[in-house]
Each structure stands twice: as C-alpha cells, then as structure tokens.
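2 protein chains.
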Amino acid sequence: MKRISMIDVAKAANVSQATVSRALNTPSRVSKETLEKIINIIKETNYIYNSAAADFTRQKKTLIGLIVFTLKSSIQTGLIDGIQKEIEKTNYSLIIGNSHYDPATEHRLIQEFQERQLAGIIVAESTELNRDFLRSVHKAGIHVVLTWDKNEDPVLDSVGIDNYKASSDMTNYLIGLGHRRIGFIAGMYNKIERVRHRFEGYCDALKAADIPIDHKLIISTTPSALNGKIAMAQLLSHDPDLTAVFAASDALAFGALSAIRDKKLRVPEDISICGFDDAEFSSFCSPSLTTIHVPTEEMGRCAANVIVEKIRTGKENQLKITLDTNIIIRDSCGNPPHKK
Amino acid sequence: MKRISMIDVAKAANVSQATVSRALNTPSRVSKETLEKIINIIKETNYIYNSAAADFTRQKKTLIGLIVFTLKSSIQTGLIDGIQKEIEKTNYSLIIGNSHYDPATEHRLIQEFQERQLAGIIVAESTELNRDFLRSVHKAGIHVVLTWDKNEDPVLDSVGIDNYKASSDMTNYLIGLGHRRIGFIAGMYNKIERVRHRFEGYCDALKAADIPIDHKLIISTTPSALNGKIAMAQLLSHDPDLTAVFAASDALAFGALSAIRDKKLRVPEDISICGFDDAEFSSFCSPSLTTIHVPTEEMGRCAANVIVEKIRTGKENQLKITLDTNIIIRDSCGNPPHKK
DNA sequence: CCATGTAATGTATACGTATTCATTATAACA
DNA sequence: TGTTATAATGAATACGTATACATTACATGG
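Protein chains in written order, with this note's numbering: chain Z, 1 to 340; chain B, 1 to 340.
Heads up, a few of these hints could be off.
[Said to hold, decoys possible] With the Cβ distance kept under 10 Å, some of the chain Z side facing chain B (calculated, not the full set):
1) Ile96
2) His100
3) His107
4) His138
5) Ala140
6) His215
7) Gln318
[Said to hold, decoys possible] Sample of chain Z residues lacking proximity to chain B, with all beta carbon distances greater than 10 Å (derived):
8) Glu36
9) Ala53
10) Leu71
11) Leu94
12) Asp153
[Stated by the list, open to error] Stretch by stretch, here's where chain Z covers chain B in the computed footprint (C-beta under 8 Å, at least three residues):
13) 5 to 19
14) 90 to 99
Bear in mind the hints are in silico, worked out from the structure with no lab data behind them. Given the structure is predicted, the values throughout are model-derived calculations rather than measurements. C-beta: ideal position from N, C-alpha, C; glycine also.
Construct the complete structure from the given sequences, taking the supplied hints into account.
So, in structure tokens, the structure goes:
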C-alpha cells in the first residue's frame with residue numbers, strides 16, 4: 001500500500017499536480033469548481049499533505065532545537081514551558097535534546113541539529129567547551145541563543161540572569177543579618193557556568209565583608225532535595241558553629257530543611273536557610289523559603305522570541321538580554337542565635 | 001552565499017555525487033584514496049550533511065512526537081525524561097507539543113505531526129474527543145501510544161497505570177484508619193480521563209463502605225500547590241467534621257498541608273492528608289506525605305520503547321501495558337481524632 | 001588466454017512538493 | 001472587432017540525497 005501523493009490526487013481530479021498544490025496553498029488562485037473537486041478527492045482518498053517535503057522544496061527550516069543538561073529538574077520546566085509557548089505561536093516546532101551534563105553528547109546534539117537543518121538552537125546551558133563549535137554553527141547560519149546566564153560571549157545571543165550578582169546579593173543579605181559562618185551548597189560549579197558564577201558571587205561577598213572562605217562549608221553536588229538533605233546533614237555534623245546556609249537551588253534548600261528538622265533544630269531560630277530559583281513549592285513549605293526569584297518562564301519566552309525574530313529578520317546584531325532577579329524574603333532566614 | 005551540497009563536494013573532488021554519498025554512508029565501498037580526498041574537501045569547504053534531505057530520499061521518518069496537556073507540572077517531567085532517555089538511544093528525535101488542555105489544539109497538533117511525517121506519537125494524556133482521530137492516524141500508519149492510564153481503547157497501544165484501582169486502594173486505606181468524612185481534591189476530572197478514574201475510584205470505595213458521597217467535600221481544580229491550598233482552606237472552613245483529605249496529586253496535597261498549618265491544625269493528629277504521584281518533594285516535606293508512587297520515568301521509558309519497537313517491526317499486535325503503583329505510607333495519615 | 005567475479009565509480013532516477021514560465025481562455029475596454 | 005489585461009491551468013524544473021543499474025578495470029582460476 002503506497003502512500004498517496006499530490007500526483008495521485010491530481011490524476012483523480014484530472015488536473016495537474018501544480019493545481020493541487022495551489023488549491024492547498026493559495027486557494028484563491030484556483031477556480032471554485034476545481035477547488036471543490038480537489039477538496040472532495042482529498043477527503044475521499046485520505047490524502048495527507050507532506051509538509052516535510054514542502055519544507056524541503058521551499059528550502060525552509062521549521063524546527064527549533066532546545067538543548068538542556070537535564071530534564072529532571074523542575075527548574076527547567078518553567079524555561080521549557082516558556083519556550084514552547086512562544087514557539088507554538090509561530091510555524092516552528094520544538095525539538096528537545098538532553099546532554100546529561102556531558103560535553104561530548106552536547107557536541108553531538110548540536111551537530112545533529114545542524115544536519116537536521118534546524119532554524120535555530122536554544123542552549124539552556126552549554127559547556128564552555130562547546131562555545132567555539134556553537135560559534136561556528138552560528139556562523140554557518142543557524143541562530144543560537146544561550147540562556148540562564150548573563151553571557152560574555154562576543155558573538156552569540158543570550159537571554160539570562162546575573163547569577164553572580166543575585167548570589168552576592170543574597171550572601172550580603174545573610175551577612176547583613178549578622179551571619180559570619182555561612183555554608184554554601186550548590187550544583188556542580190566546576191561544570192556549569194551559571195553555578196560557578198553563583199559560587200563566585202558567594203565568595204566575593206564574603207571577601208568583601210572580610211569573612212574568610214572556608215572550604216569545609218562548601219559542598220558541590222547534583223541538585224536534588226535528597227542531595228540537599230545529605231549535604232546539610234554533613235555540614236551540621238562537621239560544623240556546629242554554622243548559622244546560615246545558602247543553597248544555590250531551592251531543591252537543595254528544601255532537602256536541607258528536612259535534614260535540619262531531623263536534628264531537631266529550628267529554622268530560622270537556630271539556623272537560617274535560603275535558596276535560589278523560587279520554585280513553586282518554596283512558598284508553601286515550612287518554613288517558607290527565602291530565595292531568589294528567577295523568571296524562568298519569561299526567560300524561556302524571551303529566548304524563543306529572540307531566536308524567532310533573528311530567524312525571520314536575519315539580522316546580525318548581537319542581543320544580550322539580562323532579566324532581573326530579586327530576593328524574596330520569606331520565613332527561613334533570621335538573625336544568628338546568640339553565642340552560647 | 002549558497003549552501004554547499006554534495007554536488008559541490010563531488011565537483012571539487014572530481015568524483016560523482018554518488019561517490020560522495022557512498023563515502024559518507026558506506027565508506028568501505030570507496031577506495032582509500034578517494035575517501036581521503038573527499039573527507040579533506042568536506043573539511044575545507046565546511047560542507048554540512050543534510051540529513052533532512054536524506055530522510056526524505058530514503059522515505060524515512062525520524063521524529064517521534066510527544067503531546068502533553070501541560071509542561072508546567074513536575075509530574076510530567078519524569079515522563080518526558082524517561083521518554084527522552086530511551087529515544088535518544090535510537091536514531092529518532094523527540095518533538096514536543098503542548099495542547100494546554102484544549103481538544104482543538106490537541107487535534108491540530110496531531111494533524112501537524114502527521115503532516116510532518118512523524119514516525120509515531122506518544123500522547124501523554126488525550127481527550128477522549130480525539131480518540132477517533134488518533135485511531136485514524138494509527139490506521140494511516142503512524143504509531144500511537146497513550147500513557148498515564150490503563151487504557152480501554154480497542155486499537156491503540158498504551159502504557160499506563162491503573163488510576164482507578166490506586167485511588168480506591170488509597171481511599172480504602174483511609175477508611176481502614178477509621179475515617180468517614182474524607183474530602184477529595186483533584187484536577188479537572190471532567191476533562192482528563194485518568195483524573196476521572198481517580199475520582200471514580202474514590203467514589204466507589206466510599207460506596208462500598210456505605211459512606212455517602214458528599215459533593216461539598218469534593219473540589220476540582222487545576223493541580224498546583226496554590227490551588228491545593230485554596231481548596232483545602234475552603235474545605236476546612238465549610239466542614240469542621242472533615243478528618244481526612246485525599247488530594248489526587250502531590251502538588252495539591254502539598255498546598256493543602258500549608259492551608260492546614262495556617263489554621264493551626266496538626267497533620268495527622270487533627271487531619272490526615274494523602275497525595276498521588278510521589279513527587280520528589282513528598283518525602284522531604286513536613287510531615288512527609290503518604291502518597292501513591294507512580295513510576296513516571298519508567299512509564300516514559302516503556303512508552304518510548306513500545307513505540308520504537310512498533311516502528312521498527314511494524315507489527316500490528318496491540319500492546320497494553322499497565323505498570324504497578326503502590327501506596328507509600330509516610331507520616332501524613334493517621335487515625336481520625338476522637339469525637340469531641 | 002578466456003571466462004568469471006569483484007571492486008570502484010559513474011549515470012540516471014526517485015522522493016513529494018513549490019514555483020517559474022508558458023499557454024489558453026475569457027473578460028474588459030476602446 | 002481588435003487589443004490588452006487577467007484568471008486558470010499545465011509543463012518543467014529544482015530542492016539534496018540514496019540507490020538501482022551500468023560500466024570499467026583488474027584480479028583470479030582454469
């Protein structure tokens with residue numbers, strides 16, 4: 001059973017294939033009778049338009065790719081949702097690749113996307129190792145937008161936030177409350193640029209306040225509630241003087257709260273906790289979590305709009321957009337307890 | 001600046017386009033010298049293989065589509081992650097559509113996917129309104145897999161869970177603890193089949209225990225922590241006799257916990273709460289949430305494997321897979337308080 | 001030395017559509 | 001009635017690749 005094409009429809013309707021094409025694309029250029037005839041035959045034969053072939057003929061690219069490190073994190077959900085919502089308004093479709101934090105996989109995905117003739121690629125977070133490759137892809141005519149971080153790239157577009165500033169602001173907030181021994185739990189800042197910037201923001205804020213950086217207070221792990229709990233338990237057992245912990249992701253902070261409860265300590269009376277992301281659960285947990293609001297969905301929408309706009313206009317000007325973040329003060333941070 | 005094709009490479013290498021094609025696809029069928037020559041020219045010219053054109057020529061479909069109701073829900077994350085992980089092992093890529101709970105949008109997406117020549121479509125949850133259409137798409141040769149629910153469809157494949165049974169089991173668990181006035185908060189069961197099955201499981205369990213169904217105890221809303229909080233607050237203010245609430249989604253249960261804290265009531269001493277999904281946060285919140293574990297990632301993996309297998313073998317046999325769920329008993333449910 | 005097999009390559013065609021250009025018929029207008 | 005614009009359609013070609021078939025050169029075996 002062969003797939004039926006426009007040619008079959010054309011034969012059945014006693015017209016040329018060109019006319020069928022016109023009937024579907026520019027019906028006004030076809031007479032009322034033939035249009036009707038063609039429509040009927042299409043219905044009878046269950047003909048299905050092949051848009052892939054059409055895109056090929058038109059030399060038109062209709063896919064936009066998204067590359068993420070992980071799909072599991074609920075943080076990405078907002079970003080993907082935002083991207084998808086904007087893209088679905090256009091004639092493009094979204095195709096998703098997962099690099100699993102692996103630069104080689106990321107590289108393969110980028111190449112695959114390029115060969116698949118994607119119109120553009122949004123890279124949620126990219127290893128710096130692949131920046132050169134991305135620039136070459138960009139040069140070859142595929143639009144690239146980086147997200148999640150305020151980007152220093154000289155060529156590529158980006159839509160992100162200032163992780164460094166947000167992190168140093170939050171650290172300063174804790175310092176302002178009187179904390180001196182402030183722990184830091186974060187994702188893998190050796191691998192992920194934006195996390196490194198958060199780490200640097202934390203370090204620089206401490207330095208500026210003449211607080212020495214103590215590497216025993218710093219833990220890098222894969223962000224999840226479970227790992228946050230484990231990391232917090234570790235900090236608590238090693239360092240009784242700790243009065244605050246900055247978890248650079250709400251999932252980690254959420255897990256940390258659980259570890260603190262297990263130790264029968266109170267938040268924020270005994271210890272202060274703050275997060276980063278403003279995930280949905282953060283305002284409903286107990287105590288509610290002081291954190292940094294990140295406009296993930298807006299970031300996604302904006303990135304999608306940038307790439308669609310670039311594709312359409314073909315303009316070469318570089319766009320770097322930095323969205324605002326702000327500290328959301330809730331109930332999980334307070335002054336440090338008085339020295340015993 | 002024109003895109004360079006195999007023909008350009010062929011000319012530069014003084015060979016035919018066919019030879020270039022062979023050099024890339026079946027290098028063993030090309031002599032060592034010409035292969036080397038071609039490789040070099042490809043590097044020099046920055047030629048990029050056009051896999052879209054190749055797919056077209058080969059009449060090969062290489063995309064698999066996923067249609068979801070929403071991307072915001074963290075529940076979907078596990079499913080998508082599982083699907084993606086299996087698909088990336090194959091030569092297919094994943095393309096995502098969001099129907100936003102709208103049957104018409106879903107219909108449009110299905111058609112779009114069909115015209116785009118997708119090899120298969122995984123429908124996370126589909127309106128029953130589009131079942132006929134999906135069956136016709138299936139009949140036209142595009143593989144379709146439904147997920148999330150144990151499916152009664154006579155034709156389509158499915159990988160899901162038994163929402164009805166899981167829900168009635170959980171309700172029976174609450175009844176077994178001694179509860180008689182049991183509230184129910186769920187997503188939109190008038191729109192979503194799997195939620196309706198959860199609702200029916202709840203109702204039938206009550207009936208079987210001779211407990212009358214009180215519609216004042218039942219709230220349907222969009223699943224989110226915020227809406228769970230709102231719904232719970234409403235239940236608490238309307239019905240002081242309530243001793244337990246079954247929230248048919250952990251996000252709703254999580255919000256409900258927050259509303260109960262606001263009323264200065266204790267869980268589970270004053271009121272029991274249970275959820276559905278076993279989201280990541282459910283074991284770390286306070287109290288930890290008794291819920292139904294749903295193997296979302298496995299469901300995704302399985303659905304992806306089913307569709308890939310069907311595509312490859314072209315077999316016609318219908319596959320209906322129902323994965324096990326189980327009640328995870330944690331700290332949020334107990335016996336009802338003694339009557340005052 | 002001939003027959004046969006095989007490796008390496010070229011030629012030609014197909015995939016399903018959009019679109020340019022050419023053609024015909026018809027309407028509008030002077 | 002002749003001219004011209006226009007509507008409707010067909011014929012032909014292009015998009016970039018894979019591949020069946022044809023061709024050539026050369027090796028192997030008798």
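### Query
Which hints from the list above does the structure break, by number from lowest to highest?
3, 4, 6, 7, 9, 10, 11, 13
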